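Colleague: Spelled out from the first residue to the last, the chains are:
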Amino acid sequence: MSEMNTLEEARARAYLKIREASVVRWGEERTAEIEDTLRKTSDSIARLSLFKFDHTDTPGAFLSEFGVDPETASQGNTSE
Amino acid sequence: MSRPSSLTISQAARQIARGDLSPVELVQDCLDVIEMLEPRLRAWETIDRPGAMETAHAATNEITKNGVRGPLHGIPVGLKDIYFTNGMRTSMGSRVYANFIPEYDCAAVEALKASGAIILGKTVTTEFASGDPSVTLNPWNQGRTPGGSSSGSSVAVAVGMCPVATGSQTAGSVNRPAAYNGIVGLKPTYGRVSRWGVFPVSWTLDTLGWMTREVRDAAIMLDALSGYDPRDPGSANRPPTSSTLSLDYEDLAWTPRIGIVAGPFADLADLETKANLHQVSEALAGAGAIVDFIDLPDSVLGINEAQVIIDYSEAAQVHREIHSQRAIDFAPNVRSRIEAGQLIPSSAYVQAQQLRRRFRRDMEDAIGGAFDALLSPATPAVAPTPETTGNPAFQAPWTTAGLPALNIPTALNPVGLPLGVQFIARGFEEERLLRVGRWAERTLDVDLGVPEVAPR
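Line by line, the protein sequences are chains A and B.
Quick note on the working numbering: the first sequence kicks off at 1 and runs consecutively.
Quick note on the working numbering: the second sequence kicks off at 1001 and runs consecutively.
Be aware that a few hints might be false.
Unchecked claim - When the alpha-carbon atoms are kept at most 35 Å apart in a straight line, the in silico DSBU-like pairs for lysine-lysine are as follows: (1) A/K52 <-> A/K17; (2) B/K1274 <-> A/K52; (3) A/K52 <-> A/K40; (4) B/K1274 <-> A/K40; (5) B/K1065 <-> B/K1113; (6) A/K17 <-> A/K40.
As the list claims (entries may be wrong) - Which bits of chain B does chain A cover? Going by a derived footprint, with three or more residues having C-beta under 8 Å, they are: (7) 1308-1316; (8) 1344-1353.
Rather than coming from a laboratory, the hints here were simulated on the basis of the structure.
These numbers come from a predicted model, not from an experiment.
All C-beta atoms, glycine included, are put in the ideal place defined by N, C-alpha and C.
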């Protein structure tokens, strides 16, 4: 139950923050139009915030187990 | 006798090599099917009839003189309309790039042309390979979505417009539409196939894949397209696969070890989907597979959310410049993702990438030496109505972890909509994955046939 409460609280906090940022960035009218997407985004932020990470949790992208060793990778684009 | 357009790559290649079928006959028959069904299904953005016929004649002449280059020589292919094609319009399904004509081929098209494949044209993608509804209709029921974003490619293969078409997967855009259309879909390991020259959705998630009508054909495509490409910074420094060869020389007495995905994650599926998975697992066990249940690690509980954060953040950056000038020209769903993505805190993006690596490690350990592949539903339910492209919840975890995944069709439900299952393997173990898929395909012996679509 407390875990559920924590998630709900995190969701509420994350939504308020992203909504506030959206009003500043895109305006009140546009914020209302994209509310579903903002909600999905803030729910995702909230869920991730409940995981515990430390300095050993290296991020995943563009590192060896996701592709080539960065030492040997070029810096080209994937599209033009 | 089957008409040429209904043949798989393997069947057509054998006939072409023997001289029983010419690329001209094959391409012409595929174009005839397109002519008949395209007004009804809208699977194509561009159809290059003269170019395809010219290449087919050249291939026929070359094969008559010198024999075939390989199994793709003379085989018609559809390309998702985010694959850059030299001199052929590539619109990304968007108004922004409606008239864009690249001046070079992407790496995958280079490889396809080198193997002798014939480009029929460009298939419909949802706008920027994102989540807006598709204009393409599902051939099994035109009141249902074909899935997306590789909508046109899936439908084209399902109805015999071509034996293979390419797609891309950022969440579930290869295997979800493959499942909804009753065909095979393969999403290889992240890094296995070069994305150079394919318009990105999300640099660290995008993976190229394809749809075919049988597992062996998916292996033929993997062998042709895999390999290191320094032009793509996500490309893995590994040699091309030889998975077709390993399928052809398999030990017929071999049976796979399969882990059935269980726990809260599996509960996302509806009752019909669960029943289908149960029937499939019983049939595989009955044929000698060693089947056991596997609870996924806790990290799975945030992995779909991690996918959303990475996808939206990177898509926001991909489109940032053009969006700032032409926001109104973007479709509603992709536009809202770009706008939400610009508001995501950097801490959330980093957390998503941290969870992604943790999940990949957890899954590698979970599959470990215990299983050849995992088995999960392909989708939570059959194809929904077309306001959406469906739920990618059963694909996004493997895309995010970079693991290879294979969809195979298993049944039609009582109202004639396809059901499928998905196999997942450890990173860079596509050969093992395809071996399991081929074994399951042969064991289940399912032939959904071609959906009957009345021409308009």
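Colleague: Of the numbered hints stated previously, which ones are contradicted by the structure, given in increasing order?
Modeller: Of the numbered hints given earlier, the structure breaks none, since each of them holds.
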